[in-house]
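Q: Chain by chain, the residues:
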Amino acid sequence: QSVLTQPPSVSGAPGQRVTISCTGSTSNIGAGYDVHWYQQFPGTAPKLLIYGNSNRPSGVPDRFSGSKSGTSASLAITGLQAEDEADYYCHSYDSRLSGSVFGGGTKLTVL
Amino acid sequence: VEMLDSGGGLVQPGGSLRLSCAASGFTFSSYVMSWVRQAPGKGLEWVSAMSGSGAGTYYYADSVKGRFTISRDNSKSTLFLQMNNLRAEDTAVYYCAKAPALISVANKPFDYWGQGVLVTVAS
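Sequences listed follow chains F and P, in order.
So for the first sequence, the numbering used here puts the first residue at 1; every next one is plus one.
So for the second sequence, the numbering used here puts the first residue at 1; every next one is plus one.
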């Protein structure tokens with residue numbers, strides 16, 4: 001059971017907007033620690049998608065955006081494309097565990 | 001930036017294995033390095049982290065504390081994970097990951113990852 005909670009799956013049609021939630025607690029997201037998001041394709045390493053809640057690394061399309069409020073964070077993908085079909089993970093730090101924590105991952109299906 | 005993970009394989013329960021991560025393209029000694037694992041068909045789990053040069057700080061997930069030891073050779077830009085008393089639940093792909101910080105992973109993302117290496121614990 002992951003410390004951060006994500007929906008197991010989300011789906012959307014090409015061109016649509018989808019959001020993926022990440023719910024934590026007062027010892028991680030709610031304590032003010034940043035949330036980061038990763039995209040992972042089958043058989044490959046995760047790739048940093050969003051850092052510091054809402055910042056995109058160079059090369060990440062602006063279709064991807066992140067936000068954080070209270071004990072939760074969200075990843076939004078607009079203008080959905082077939083190539084966005086992948087697993088997405090949120091990541092933060094937990095002061096009670098004194099370590100990094102991940103969400104269980106969300107599989108995005110493009111219909 | 002490139003990080004090459006190696007050392008995985010099949011090991012019996014109770015056995016040991018040492019993973020390596022050879023890094024290049026950045027000043028290795030200046031950054032916190034971590035290990036993150038992913039069991040087959042499961043999500044990501046942070047395993048351990050070690051601060052950069054001079055800080056000498058180590059962090060471990062409760063699930064591996066007392067069994068795994070992280071270390072680094074800054075002269076060879078290489079990160080290690082010594083895994084002892086391995087259990088079936090340690091079966092996973094292990095990734096080394098870099099954080100853009102010197103001392104702690106707190107509030108920091110993992111901006112670069114190795115390709116991962118599979119560790120299988122079975123009899």
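Simulated from the structure, these hints should not be mistaken for lab results.
Heads up, some of the hints might be wrong.
Capping the alpha-carbon separation at 20 Å, the derived lysine to aspartate or glutamate pairs in EDC-like fashion look like this [unchecked claim]: (1) F/K107 x P/E89; (2) P/K42 x F/D62; (3) F/K47 x P/E89; (4) P/K42 x P/E89; (5) P/K65 x F/D94; (6) F/K47 x P/E45; (7) P/K65 x F/D62; (8) F/K107 x F/D94; (9) F/K47 x P/E2.
Derived DEER-like restraints, expressed as beta-carbon distance ranges [stated by the list, open to error]: (10) P/G25 x F/P42: 24 to 34 Å; (11) P/G56 x F/P7: 20 to 30 Å; (12) F/P57 x P/T69: 43 to 53 Å; (13) F/S58 x P/S29: 21 to 31 Å; (14) F/Q1 x P/Y58: 41 to 51 Å; (15) F/L111 x P/Y58: 21 to 31 Å.
We put the CB at the ideal spot given by N, CA and C, even for glycine.
Q: Quick one, are P/K42 and F/D62 close enough, alpha carbons at most 20 Å?
A: 28 Å, violated
Q: Compare the distance between the alpha carbons of F/K107 and F/D94 with 20 Å, and conclude whether the hinted pair is satisfied.
A: Violated, at roughly 24 Å.
Q: Holds or violated: the 43 to 53 Å window for the beta-carbon distance between F/P57 and P/T69?
A: Violated - the Cβ-Cβ distance for F/P57 and P/T69, about 31 Å, lies outside 43 to 53 Å.
Q: Please test the hint of 24 to 34 Å on the beta carbon pair from P/G25 and F/P42.
A: 26 Å, holds
Q: Is P/K42 within 20 Å of P/E89, Cα to Cα?
A: Between P/K42 and P/E89 the Cα gap is close to 12 Å, so the pair holds against 20 Å.
Q: With 21 to 31 Å as the target window, see if F/S58 and P/S29 comply at their CB atoms.
A: This hint holds: roughly 24 Å between Cβ atoms.
Q: Is F/K47 within 20 Å of P/E45, Cα to Cα?
A: Roughly 15 Å between the alpha carbons, so the hint for F/K47 and P/E45 holds.
Q: Are F/K47 and P/E2 close enough, with their CA atoms no more than 20 Å apart?
A: 13 Å, holds
Q: Between F/Q1 and P/Y58, is the Cβ distance one that fits in 41 to 51 Å?
A: For F/Q1 and P/Y58 the Cβ distance comes to about 25 Å; the hint is violated.
Q: Hinted pair, alpha-carbon criterion (20 Å max): P/K65, F/D94. Please report holds or violated.
A: 17 Å, holds
Q: Are F/K107 and P/E89 close enough, with their CA atoms no more than 20 Å apart?
A: Outside the cut-off at roughly 23 Å; violated.
Q: Is F/K47 within 20 Å of P/E89, Cα to Cα?
A: Status violated; Cα separation ~25 Å.
The structure shown violates the earlier hints numbered 1, 2, 3, 7, 8, 11, 12, 14 and 15.
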